[in-house]
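Residues -26 to -1, 1 to 240 in mature numbering (1 follows the signal peptide of the UniProt record, and there is no 0) are what the sequence shown spells out, letter by letter.
The set of hints was computed from the structure by calculation and includes no laboratory data.
As the structure is a computational prediction, the values presented were derived from the model and not from experiment.
Idealized CB from N, CA, C, for every residue including glycine.
No farther apart than 27 Å at their CA atoms in a straight line, the calculated lysine-lysine pairs in the DSS-like style are these: (1) K69 <-> K205; (2) K185 <-> K26; (3) K176 <-> K26; (4) K167 <-> K185; (5) K69 <-> K200; (6) K102 <-> K205; (7) K185 <-> K205; (8) K167 <-> K200; (9) K176 <-> K200; (10) K167 <-> K26; (11) K167 <-> K205; (12) K102 <-> K167; (13) K69 <-> K102; (14) K200 <-> K102; (15) K200 <-> K185.
Here are the computed distance ranges between Cβ atoms for each label pair: (16) H202 <-> V153: 37 to 43 Å; (17) N191 <-> R170: 19 to 25 Å; (18) H202 <-> P43: 30 to 36 Å; (19) V16 <-> G115: 29 to 35 Å; (20) T85 <-> V35: 28 to 34 Å; (21) E7 <-> D104: 20 to 26 Å; (22) G119 <-> W148: 20 to 26 Å; (23) F86 <-> G119: 39 to 45 Å.
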Amino acid sequence: MRAFQSRSRAFALLIACALLVAGGCASVPRDPEDPLERYNQVVFSFNERIDKAVARPLATVYDTFAPTPVQTGVGNFFGNLADIWIGFNNLLQGKVGAGLSDWARFLVNSTFGIFGLLDVASELELQKNDEDFGQTLAVWGVGEGPYFVVPFFGPSTLRDAAMLPLDGAADPVWRIAHVPTRNSLVGLRIADKRARLLGFEKTLDEGTLDKYTFTRNFHLQQRRAKVHDGKPPLEYEDFERDEEASSVPAAAQSASDERSVAEPSD
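Starting from the given sequences, assemble the full structure and let the hints guide the process.
Following this line, the structure appears as structure tokens:
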């Protein structure tokens, strides 16, 4: 508990300092969803340098030397641990069936799946969900606030960033008392998650001239899709209602739907 309180105070201080810095360099943003853009640009660049120096090389080594079955098992193991907190958040959101299914996944995979290394639950058609307390607050009606890049953690919103300490406190890995074991598992999870983004990152670097803007828009789109369980409300821009605009080809609509729910592996 003391460790959690200490991390929470440190994280709250970090956000407070970031907002003070952002307020000191405030200007008219290019995007109304990003009023802290100047601050976010600075932290985004900082995170990119840290990623280039530490996370990306670690992920590259992991991806090169860890066989695919090992990577699959590692991802399954950490995903299984996450199902405990995911189920709790589903219950808080009123999705009782989904919450009980998440906990059933954990029980099945922890036993028949050899401590979660095998995803037996998916074979039994128990759906894998992805929930956290930021999404729970969204369901309770708390607005997301401005886009906010968190040092070391990356893209977020003010609401979600404020909940990171709570999500961390509920993480079984961070609750391990033996520090070498905990740090080794944290490092392994970072390497595994980062390795899953290597292909996506290459596409991003080659396909966009403004990585910051693309990352921001992509994160906000995917985050809203998660909050609404893959079915975010449609947002329309003002337009002339003519014959051409009133008819959207089915193929184009299908492609749009797929893009709105696609997400990189977590």
